[in-house]
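A.B. asks: Residue strings, one per chain:
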Amino acid sequence: MADHHRVYGPETDPAGDSGYGPDHPPRKGFFTDTSICIGCKACEVACKQWNDVPDDGFDLLGMSYDNTGALGASTWRHVAFIEQPSGGGPPEYPPGRAGTGFAGLPVGSAERGSAAGGRPPGSAGPGSVVDLGMPGSGPPGAASRAGGARGAEPPEGQFRWLMSSDVCKHCTHAGCLDVCPTGALFRTEFGTVVVQQDICNGCGYCVSGCPYGVIQRREGDGRAWKCTLCYDRLKDGLEPACAHACPTKSIQFGDLDELRERAAARVEQLHEQGVTEARLYGADPDDGVGGNGAFFLLLDEPEVYGFPPDPVVPTRDIRRMWTFAGLAAAALTAVAAAVFGGEG
Amino acid sequence: MSRRSDGNRAQPREQGDYRPSAAGIGDAVERRGPGGGQLGPLVRADGSREQAMVPAAEFRSYYGRQILKTPAWEDKIAYYFFAGGLSGGSALLAAGADLTGRPALRRGARVGGLAALAAGTYFLIADLGRPERFHHMLRVAKPTSPMSMGTWMLAGYGPAIGLAAAAELVPKRWQGTVPGRLVRALARPAGLAAAALAPGVASYGAVLLSQTAVPAWNAGHEEMPFIFTASSAASAGGLGMIVAPVSEAAPARRLATYGAVVELAASQRLERRVGVVGEVYSAGPAARYLQRASTLTAAGVLGSVLLGRRSRIAAAASGLALLAGGLFERLGLLHAGIQSTEDPKYVVEPQRQRIAEHGPSRAR
Numbered sequence: 001m002a003d004h005h006r007v008y009g010p011e012t013d014p015a016g017d018s019g020y021g022p023d024h025p026p027r028k029g030f031f032t033d034t035s036i037c038i039g040c041k042a043c044e045v046a047c048k049q050w051n052d053v054p055d056d057g058f059d060l061l062g063m064s065y066d067n068t069g070a071l072g073a074s075t076w077r078h079v080a081f082i083e084q085p086s087g088g089g090p091p092e093y094p095p096g097r098a099g100t101g102f103a104g105l106p107v108g109s110a111e112r113g114s115a116a117g118g119r120p121p122g123s124a125g126p127g128s129v130v131d132l133g134m135p136g137s138g139p140p141g142a143a144s145r146a147g148g149a150r151g152a153e154p155p156e157g158q159f160r161w162l163m164s165s166d167v168c169k170h171c172t173h174a175g176c177l178d179v180c181p182t183g184a185l186f187r188t189e190f191g192t193v194v195v196q197q198d199i200c201n202g203c204g205y206c207v208s209g210c211p212y213g214v215i216q217r218r219e220g221d222g223r224a225w226k227c228t229l230c231y232d233r234l235k236d237g238l239e240p241a242c243a244h245a246c247p248t249k250s251i252q253f254g255d256l257d258e259l260r261e262r263a264a265a266r267v268e269q270l271h272e273q274g275v276t277e278a279r280l281y282g283a284d285p286d287d288g289v290g291g292n293g294a295f296f297l298l299l300d301e302p303e304v305y306g307f308p309p310d311p312v313v314p315t316r317d318i319r320r321m322w323t324f325a326g327l328a329a330a331a332l333t334a335v336a337a338a339v340f341g342g343e344g
Numbered sequence: 001m002s003r004r005s006d007g008n009r010a011q012p013r014e015q016g017d018y019r020p021s022a023a024g025i026g027d028a029v030e031r032r033g034p035g036g037g038q039l040g041p042l043v044r045a046d047g048s049r050e051q052a053m054v055p056a057a058e059f060r061s062y063y064g065r066q067i068l069k070t071p072a073w074e075d076k077i078a079y080y081f082f083a084g085g086l087s088g089g090s091a092l093l094a095a096g097a098d099l100t101g102r103p104a105l106r107r108g109a110r111v112g113g114l115a116a117l118a119a120g121t122y123f124l125i126a127d128l129g130r131p132e133r134f135h136h137m138l139r140v141a142k143p144t145s146p147m148s149m150g151t152w153m154l155a156g157y158g159p160a161i162g163l164a165a166a167a168e169l170v171p172k173r174w175q176g177t178v179p180g181r182l183v184r185a186l187a188r189p190a191g192l193a194a195a196a197l198a199p200g201v202a203s204y205g206a207v208l209l210s211q212t213a214v215p216a217w218n219a220g221h222e223e224m225p226f227i228f229t230a231s232s233a234a235s236a237g238g239l240g241m242i243v244a245p246v247s248e249a250a251p252a253r254r255l256a257t258y259g260a261v262v263e264l265a266a267s268q269r270l271e272r273r274v275g276v277v278g279e280v281y282s283a284g285p286a287a288r289y290l291q292r293a294s295t296l297t298a299a300g301v302l303g304s305v306l307l308g309r310r311s312r313i314a315a316a317a318s319g320l321a322l323l324a325g326g327l328f329e330r331l332g333l334l335h336a337g338i339q340s341t342e343d344p345k346y347v348v349e350p351q352r353q354r355i356a357e358h359g360p361s362r363a364r
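Residue numbers (this note's numbering), protein chains in the order written: chain Z, 1 to 344; chain C, 1 to 364.
Think of the hints as simulated: they come from the structure by calculation, not from any bench. Each residue gets a CB set at the ideal place from its N, CA and C atoms; glycine is no exception. It is possible that some hints are incorrect.
Stated by the list, open to error - Below, a sample of chain Z positions facing chain C; criterion: calculated Cβ distance under 10 Å:
{"no.": "1", "residue": "45"}
{"no.": "2", "residue": "69"}
{"no.": "3", "residue": "72"}
{"no.": "4", "residue": "175"}
{"no.": "5", "residue": "180"}
{"no.": "6", "residue": "210"}
{"no.": "7", "residue": "212"}
{"no.": "8", "residue": "216"}
{"no.": "9", "residue": "264"}
{"no.": "10", "residue": "265"}
{"no.": "11", "residue": "268"}
{"no.": "12", "residue": "284"}
{"no.": "13", "residue": "316"}
{"no.": "14", "residue": "324"}
{"no.": "15", "residue": "331"}
{"no.": "16", "residue": "336"}
Chain C with its partners taken away, still in its complex shape (with noise of 0.2 Å):
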């Protein structure tokens, strides 16, 4: 560095910046020109690579790695973000056939709602690193921590679902006996009550992502709870088209199409918004994950709206598109934060532009 101190910081870049200056140093370096970045972590295992939307500006690093850990999280927490999701959606569709009198929507959707739930449970203790203790997380009640809090809305959601689905379930030969009319009296409360706790289930997720440090989920904080909430309604759609007979299932229909609508708009302006980290959005398995999802939600919105009134069979495989798609949403956002913590670019840029233009963050 420089003696003549003042222009320390002025300085170009090469003169702090790292380089190899003997042999044997590999091409690691910390600054990334145009391009560089594809040099880096973001060359996936199947070759794609992340197509630059700007040209990279420049940044130092050390060599290039990267600064945060790369989630603990696999693919199973994003199938149990589907199927929380689809659960929760379900839940208010229930009650809702349960209050308007369409018995077989009702049914389904609390069935399914029950089904989704157990099915989403499995994944979120399969995910966890010591999963015999997923019980530790009813030690405390901890309003920081949103994992914590969505835990706490399930434990209260599950046995209201569940109440709900087996009032369905009981066997006819049983339905006279006590215990059998005592489930089925409780079976509207306890519906209604999963329906009120649904919104906070469906929704909960997407605080769970923005409160970390993963640019991609933290910088998309705004959007990212109505694409969980509305991708969960277009996945309880979904599973109402397929459970209902089309004459009861125009409220699944309508759902659908406010979640899928709402689910895109709410994509594209994440994507647009936040900035560099946007790039991982439309790169990498996040890409694929995102562009599948958003094809099959259209397609599924459109086979309702155009033959959803007309024929089961395609009110079904429209049902079924929107399943898909709510789970490849899911799994797009997963990647998307996954593949923000790789390049330390995602780090360094935004918080560079950020001390530019208002200065180091300050506690106020």
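For reference, chain Z alone in the conformation it holds in the complex (with noise of 0.2 Å):
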């Protein structure tokens, strides 16, 4: 409590802070961008098949190619999957965009939009230009039901899809870490934040302790769960089994302050391109949680993509936290005090 930095405001070295050596290693981390995410869930598959992460059900959500829903105590990459109008009218991505492959946006065949849209054939936009043969965005046979039932369908079926692999934040200031009271979680050597299985008591303070919504106690088990980042394999000199497996490498895992720059040049980059919606999330080492050691490159808000648009540390309002308990228990002790004055 003395270093106030410790548990908000800049900090450059959180693994220093936390009692590592001068010799630690940099800092690791996870750089995310979401503009070249296919929406495999390679990532998904490989995290579970190397942290051995059980089975947590086959749900079909009704909502869009995301069955997986969120992170959880075992999930520990998720892929959302969001489906957007992309707007009518003009062209959005002339026919010179087609060649810049995936420095654009993925986006959906118009023809094949319409078809499951239920909207004739051959009505599409000229914007359409992009088709990565991807399939329809509707169940087959569902044509005859969407109709134009729904005013605010986008016009002309173009659509486009924003796809996002989600993860542990790993943050500078981590709200599970500040809060765990047996030691269990911890900060390794790398800056990341890792529970330790045989030390965790299942209280569920870090499940409620992280703004982000990312660690979970798992049923049957008992005890909190969340990406480790793959300690074990960056302590062998691998990289995540997640960032591994990514076809695209939208999922690029290096020192942090190497992806830093790298993103920020990939976001400049998008720009000059005209895809001027491209914006870093959680890379800011001065946001509410000192930066995140995993951060995004994403396509539009963060709530969008299921982020909380200005996530803060808990820990940050500690000691005011403490004044108002400090004042409360004085008054009790006051008012206990009082209450034996007086007649009776």
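Fit the two chains together into the complex; they arrive one by one in their own frames, and the hints show the way.
C.D. replies: In structure tokens form, the structure reads like this:
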């Protein structure tokens, strides 16, 4: 508590500040560039396999191609899949953009989208030039029940898909780590945050301490689980399983400093190419959690992907909270003394 | 997205919002207009629905799915907070009774305080995912973890209230023995030590809940310690009115009155101050529990003020109402927090408002 920068504020070396010597390895992290994610979920599978994460049920969520839903005790990588209208009218991606491949955005085929949406084929706008050969957006035979029932449907069946592989953020100021009363959660020499499963007693505090809703207590097990950033692989000089399996290098693993530079350059590149909605999430070391060890390049507002728009580590207000508790405790003491004054 | 880049942020929400563009994608649209939240998880199992206090502002989310995890804590943790608070308040009452010569109140409050602590400890451990590892809490003392701080406070408080209560329970035939005399001699210092730690025991739970990302708990960090301590006072006052004859119970009645008044006032302030998150206090189980809490607390105080000094039975009934009110208060606060994690609105809207007013959170 003496060093308040340890709970909030600038922090350039979380591992060193946690007691590792000056020769600890540089901070490791992920840069997940969602603009080149194809939603293949290889990361989800690789993570499950490498880490021996148990099955978490087979649910058809009925909302998109995402049937995983969210990160959790048994889901340490989660590919979000968002289908959005990409607007009608003027072409969004002129023919010249087609050649840029993944520098642009994955855009569904208007013809296929139209077919699934029950729209007459051939009415697609001129903007649908990048056909990634992905399947249509609706279930087979769904055409008959879509029709024009939804007045808000995008014109001409144009839409885009946003895909993003979510993971534990390995925060600089980690709410889960701060509140853990057993020391089960700890900061590794790589600056990541890991649960020691032989220590965790399942108190559940970390679950509510995380401003991103990442860590969770596993049913039937009772302990809290989350991404370890493949601590075992890192120890052996390997990259984490998800990054290793990612076929498009949407998930990039490396030294955090270098990843931040790479990400900044990538945003600049996308902006030059007209993808002005590209923005980084969690890359700022001065944000409410001191920056994430795992950060993202997004193409829409964070909440569209299921991220909180302005996360803050709850520990930030620890002094203020204890101050109010101290006032309340003092008031209780004073009143308890006072009630024994007087008659009766 | 439009290529007219500069307009990107200013585009109408429709442009960027998810909408089902094809059949087969359900109504789980992320955008919710007024009342739209009622489609979501706030429709409780019992069919009750959230009543929006203000027209819901528009917000975006990932298919309306919750962002935060639902707290792992069950009702047992509310029982613990209630029992721990009752114990702390009782320790204060017992110390005062000890110093002012009210033996019945002292005895009842000490024994009641220990019993409450024992029950609370049971609920606390039972709520762990791995109860057999509860002692792992004692591996570290961690100032950043209110749960760790609370554990160590309890580690000091438990033996103190235990010793004080043990002195009341020493059978007559052992009172002359050396251990018996020792325990009785240590009762007052132990009782005073327990009373010194009691306000911490009664209040730390509020910090524990507030130092989370749970919107209702985090936003309520100013009032929650006062609700916790006041509720402790009301509960302990209630216990005192049950265990002590009316002639000795005046301090208990006064403590209960103070507790009830502050508890009700702080709750009112909390619900009004925290903005959109305040909705959760008037929805679902939280609303029911809090309603019961204020009704029972008000009834208990009324009973104690009007009849508490005349009738032991009326005093005991008032005391029971106060105890029940305290329990429901903790259940209400627990469920308000749970409910505030179940709708992404309570994460996105306050944070968006914060960004709009002050810009994104920055370390300074």
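A.B. asks: List in ascending order the numbers of the hints, as given earlier, that are violated by the structure.
C.D. replies: Hints 1, 9, 10, 11 not satisfied by this model.
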